[in-house]
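S.K.: Each chain, letter by letter, is given below.
Protein chains: 6
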Amino acid sequence: MKTALFPGSFDPITIGHENIIRRALPLFDKLIIAIGSNTNKKYLFSLEQRTNWIKKVFEKDAKVEVVSYDGLTVDFCKKMNATFIVRGLRNSSDYNYESTIAQMNHQLDNSIETLFLQTTPHLSAINSTIVRDIIIHKGDASKFVPKAIQQDFIKK
Amino acid sequence: MKTALFPGSFDPITIGHENIIRRALPLFDKLIIAIGSNTNKKYLFSLEQRTNWIKKVFEKDAKVEVVSYDGLTVDFCKKMNATFIVRGLRNSSDYNYESTIAQMNHQLDNSIETLFLQTTPHLSAINSTIVRDIIIHKGDASKFVPKAIQQDFIKK
Amino acid sequence: MKTALFPGSFDPITIGHENIIRRALPLFDKLIIAIGSNTNKKYLFSLEQRTNWIKKVFEKDAKVEVVSYDGLTVDFCKKMNATFIVRGLRNSSDYNYESTIAQMNHQLDNSIETLFLQTTPHLSAINSTIVRDIIIHKGDASKFVPKAIQQDFIKK
Amino acid sequence: MKTALFPGSFDPITIGHENIIRRALPLFDKLIIAIGSNTNKKYLFSLEQRTNWIKKVFEKDAKVEVVSYDGLTVDFCKKMNATFIVRGLRNSSDYNYESTIAQMNHQLDNSIETLFLQTTPHLSAINSTIVRDIIIHKGDASKFVPKAIQQDFIKK
Amino acid sequence: MKTALFPGSFDPITIGHENIIRRALPLFDKLIIAIGSNTNKKYLFSLEQRTNWIKKVFEKDAKVEVVSYDGLTVDFCKKMNATFIVRGLRNSSDYNYESTIAQMNHQLDNSIETLFLQTTPHLSAINSTIVRDIIIHKGDASKFVPKAIQQDFIKK
Amino acid sequence: MKTALFPGSFDPITIGHENIIRRALPLFDKLIIAIGSNTNKKYLFSLEQRTNWIKKVFEKDAKVEVVSYDGLTVDFCKKMNATFIVRGLRNSSDYNYESTIAQMNHQLDNSIETLFLQTTPHLSAINSTIVRDIIIHKGDASKFVPKAIQQDFIKK
Chain A
306 MKTALFPGSF
316 DPITIGHENI
326 IRRALPLFDK
336 LIIAIGSNTN
346 KKYLFSLEQR
356 TNWIKKVFEK
366 DAKVEVVSYD
376 GLTVDFCKKM
386 NATFIVRGLR
396 NSSDYNYEST
406 IAQMNHQLDN
416 SIETLFLQTT
426 PHLSAINSTI
436 VRDIIIHKGD
446 ASKFVPKAIQ
456 QDFIKK
Chain B
306 MKTALFPGSF
316 DPITIGHENI
326 IRRALPLFDK
336 LIIAIGSNTN
346 KKYLFSLEQR
356 TNWIKKVFEK
366 DAKVEVVSYD
376 GLTVDFCKKM
386 NATFIVRGLR
396 NSSDYNYEST
406 IAQMNHQLDN
416 SIETLFLQTT
426 PHLSAINSTI
436 VRDIIIHKGD
446 ASKFVPKAIQ
456 QDFIKK
Chain C
306 MKTALFPGSF
316 DPITIGHENI
326 IRRALPLFDK
336 LIIAIGSNTN
346 KKYLFSLEQR
356 TNWIKKVFEK
366 DAKVEVVSYD
376 GLTVDFCKKM
386 NATFIVRGLR
396 NSSDYNYEST
406 IAQMNHQLDN
416 SIETLFLQTT
426 PHLSAINSTI
436 VRDIIIHKGD
446 ASKFVPKAIQ
456 QDFIKK
Chain D
306 MKTALFPGSF
316 DPITIGHENI
326 IRRALPLFDK
336 LIIAIGSNTN
346 KKYLFSLEQR
356 TNWIKKVFEK
366 DAKVEVVSYD
376 GLTVDFCKKM
386 NATFIVRGLR
396 NSSDYNYEST
406 IAQMNHQLDN
416 SIETLFLQTT
426 PHLSAINSTI
436 VRDIIIHKGD
446 ASKFVPKAIQ
456 QDFIKK
Chain E
306 MKTALFPGSF
316 DPITIGHENI
326 IRRALPLFDK
336 LIIAIGSNTN
346 KKYLFSLEQR
356 TNWIKKVFEK
366 DAKVEVVSYD
376 GLTVDFCKKM
386 NATFIVRGLR
396 NSSDYNYEST
406 IAQMNHQLDN
416 SIETLFLQTT
426 PHLSAINSTI
436 VRDIIIHKGD
446 ASKFVPKAIQ
456 QDFIKK
Chain F
306 MKTALFPGSF
316 DPITIGHENI
326 IRRALPLFDK
336 LIIAIGSNTN
346 KKYLFSLEQR
356 TNWIKKVFEK
366 DAKVEVVSYD
376 GLTVDFCKKM
386 NATFIVRGLR
396 NSSDYNYEST
406 IAQMNHQLDN
416 SIETLFLQTT
426 PHLSAINSTI
436 VRDIIIHKGD
446 ASKFVPKAIQ
456 QDFIKK
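Protein chains in written order, with the working numbering: chain A, 306 to 461; chain B, 306 to 461; chain C, 306 to 461; chain D, 306 to 461; chain E, 306 to 461; chain F, 306 to 461.
Just chain A, with the same shape it has in the complex:
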């Protein structure tokens, strides 16, 4: 059984995340969306809210599991029997950052491989930080989040 982890903050989940997850799904028997829950980090949305949105987006995808975790990603992979990590790349800054983490994870546990997918071009500018900025400033962020949860982001 091939199990992959897709770790992230998902604060909130965007159409960029959704796109990578759906495209990676055919490769695996199980894909675990692992929501980071770091007590030292400040999130805009609660863990419960972030979790509920992701569950709604993938409620019809039997292979997708949604969990939260704290600690090292490689330790959580081992606990979940996941031997692959999936990450999306948008540009070369993403690449420099993510490839370093992938190499460190591989050195911590060489049974874990990270696979990268290039974001679909029309989604390559979607950025959680900017999405949060839009929400904080009462802008309409609905076009940047998955269809299943868009109504929660429409500006009234």
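Please note that a few of the clues may not be correct.
One copy or two, either will do: identical chains are not told apart, so a pair holds if it fits within one copy or between any two.
Unchecked claim - Derived pair list, reagent style DSS-like, types lysine-lysine, alpha-carbon separation capped at 30 Å: (1) Lys-383 x Lys-361; (2) Lys-307 x Lys-347; (3) Lys-383 x Lys-360; (4) Lys-460 x Lys-368; (5) Lys-460 x Lys-384; (6) Lys-384 x Lys-346; (7) Lys-443 x Lys-347; (8) Lys-365 x Lys-307; (9) Lys-460 x Lys-383; (10) Lys-384 x Lys-448; (11) Lys-360 x Lys-307; (12) Lys-307 x Lys-361; (13) Lys-452 x Lys-383; (14) Lys-307 x Lys-384; (15) Lys-384 x Lys-368; (16) Lys-307 x Lys-448; (17) Lys-307 x Lys-443; (18) Lys-383 x Lys-443.
Worth flagging that the hints you see were computed from the coordinates, not collected in a lab. Just so it is clear, the structure is predicted and the values come from calculations on it, not from any experiment.
Mind docking chains B, C, D, E and F on chain A? Use the hints.
M.R.: Relative to chain A, chains B, C, D, E and F alone:
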């Protein structure tokens, strides 16, 4: 009437900013320098101080207007009837960051275009963060700020 | 009168080029599409063919002029009274290459400014070299060229 | 059945290629090493020689198939029933180049996904062009090629 | 006498730092490891602890001196009669960041040159932030720190 | 005795090369400018012409030696007893390319270190290819070459 916005923190304005603004001026009928005033962000200099310096630098440029703003840049563009945003680029990290913001802004409001100018080579290392660092450590930052305000930065 | 030059090989013109040109048009009174015609360079399509396609794409745009040139771009700018060069950027490799040329041109003639626009996300992967490769290998490149000339690229 | 294509010139195969292929193998039922055989391109080694080396390196790997191809990679994927392309990344220049090709391929045929693996750190400088340069200049390139074929590259 | 400064936080020193320092040593008569001690910055380890580890790693290297400093790096260079700064580079994001600082330092004091060494490939993913993250999460970071201090990092 | 090699095509030498060489000189007892003379490569200027220009530029610098070479750079280093290679960096594309070569050279002969200097900002756009392009098109390239040889490049 072609109106452009040049948004930034200007904490403080540097010769890098001044160079981009002066080179972009011939393209527009009005160029609005929009000083970010984000209550969650800590600035080294007060909004009043940052504004006064910029006004002094451009006091003879009739096309330049200096204002402060909070909120989304695209919303402020609309309020000011600006359809262009001008940004300077120094290196590929700048480029990756700025191009993502430009694309997000275009998706939020497709009547707004962002134009990039490459920093003049001898100014390509000027960086507000490092300028602030010099000031904090009592160094002489005068060579990195516009002539009109240099005397305020000379180390005594 | 504000005149800009958009230089390139256009071998052939793609929807990426068209997008940048249309978005830059509102800024200028005239935009000259300058087709490089370098005797030392091998093109897939003849200068005549490349020119005809571009003319067809912009036949309703009174501000657009299509010409060919050989020699230094800054010399041709001067001859055409163009004080701006427009270039599109797709990723940081483009940026490193284009910004160097822009700086050299500015040093050769400091009355000439280069303006960069970021490619619209869904077009950011369009690349003339790959388009030519598709054509050479009898693939269907029609989705990568402007609508007005698509029929010439459909694979039969 | 999950089939992936690993396309390249392999002129010659290096330990960098071998590393990516071995790490990608667990994900697939079949991995086709597709050796580019472009009549317009000059290779240092003949197609036969390049093929023989690869076959020797993977002779004990039942999942690996070695073939040559000309034409578009997506067309060859379809012919071989491969729905994944695997590529290695060494640095951000690689990334910019490979991600553009991946996006173009996805637009030509959206049933084909490209997966990227980051080269293992100690192999991240292995570069076929430099390896060829070493060979041309009678240097010892044996440490840069897979163990199974090293004896062919030792400088006498 | 050629004196170089190798500035950093060393929170903690890694095998990446050690590698750059040892490779740079033959160039200089004295190499000063300058530990940043910025009161506004939060460190995981105390200045004393960071200093002790570095001293232990280089206790047999007569050319190496270990000091702490606050303030501008160029001011500290002058105080220590160091005319060279040594920095390691791992990837292009490092490069963009470090080259800007090097240029600013050169503009503040043009008698100071910064020399860059490329990290040895197998160490190019070592990153202090990730090492700290491993330590915080009770992981085993011993393989990322110099041999002389590894026992302090082994997970019990 | 510390000997460094500064390899290149120098077709022709630019103020960018000169700047890096002069800044690196204080570090070494001898700096060998090694002019590549590759029979498979086409140069704009003859080896003799390229050599004469460099000799003229550095005629008063006793530490500088000018030689030509063919073959692997590491082999030539050994022959000349040079244990350092010096290279200039202008932007992140340069960096990606040069760092790969540096790592390969270090793997071929680990007694050889490559040192990088960042180009002085106002010279960071100087590019031999563009300089050659200016010369080919009868432009004035004199401002891009060292003072000592400028008269050979002035456009009449």
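S.K.: Does each hint hold? Answer for all of them.
M.R.: Quick rundown of the hints versus the structure:
no. : hint              : in the structure
1   : Lys-383 x Lys-361 : within (26 Å within a copy, 34 Å between copies)
2   : Lys-307 x Lys-347 : neither (33 Å within a copy, 41 Å between copies)
3   : Lys-383 x Lys-360 : within (23 Å within a copy, 34 Å between copies)
4   : Lys-460 x Lys-368 : neither (33 Å within a copy, 35 Å between copies)
5   : Lys-460 x Lys-384 : between (40 Å within a copy, 18 Å between copies)
6   : Lys-384 x Lys-346 : within (23 Å within a copy, 35 Å between copies)
7   : Lys-443 x Lys-347 : both (19 Å within a copy, 21 Å between copies)
8   : Lys-365 x Lys-307 : both (20 Å within a copy, 23 Å between copies)
9   : Lys-460 x Lys-383 : between (41 Å within a copy, 17 Å between copies)
10  : Lys-384 x Lys-448 : between (36 Å within a copy, 22 Å between copies)
11  : Lys-360 x Lys-307 : both (21 Å within a copy, 27 Å between copies)
12  : Lys-307 x Lys-361 : both (24 Å within a copy, 29 Å between copies)
13  : Lys-452 x Lys-383 : between (33 Å within a copy, 27 Å between copies)
14  : Lys-307 x Lys-384 : both (14 Å within a copy, 26 Å between copies)
15  : Lys-384 x Lys-368 : both (18 Å within a copy, 29 Å between copies)
16  : Lys-307 x Lys-448 : between (33 Å within a copy, 29 Å between copies)
17  : Lys-307 x Lys-443 : between (42 Å within a copy, 28 Å between copies)
18  : Lys-383 x Lys-443 : between (41 Å within a copy, 15 Å between copies)
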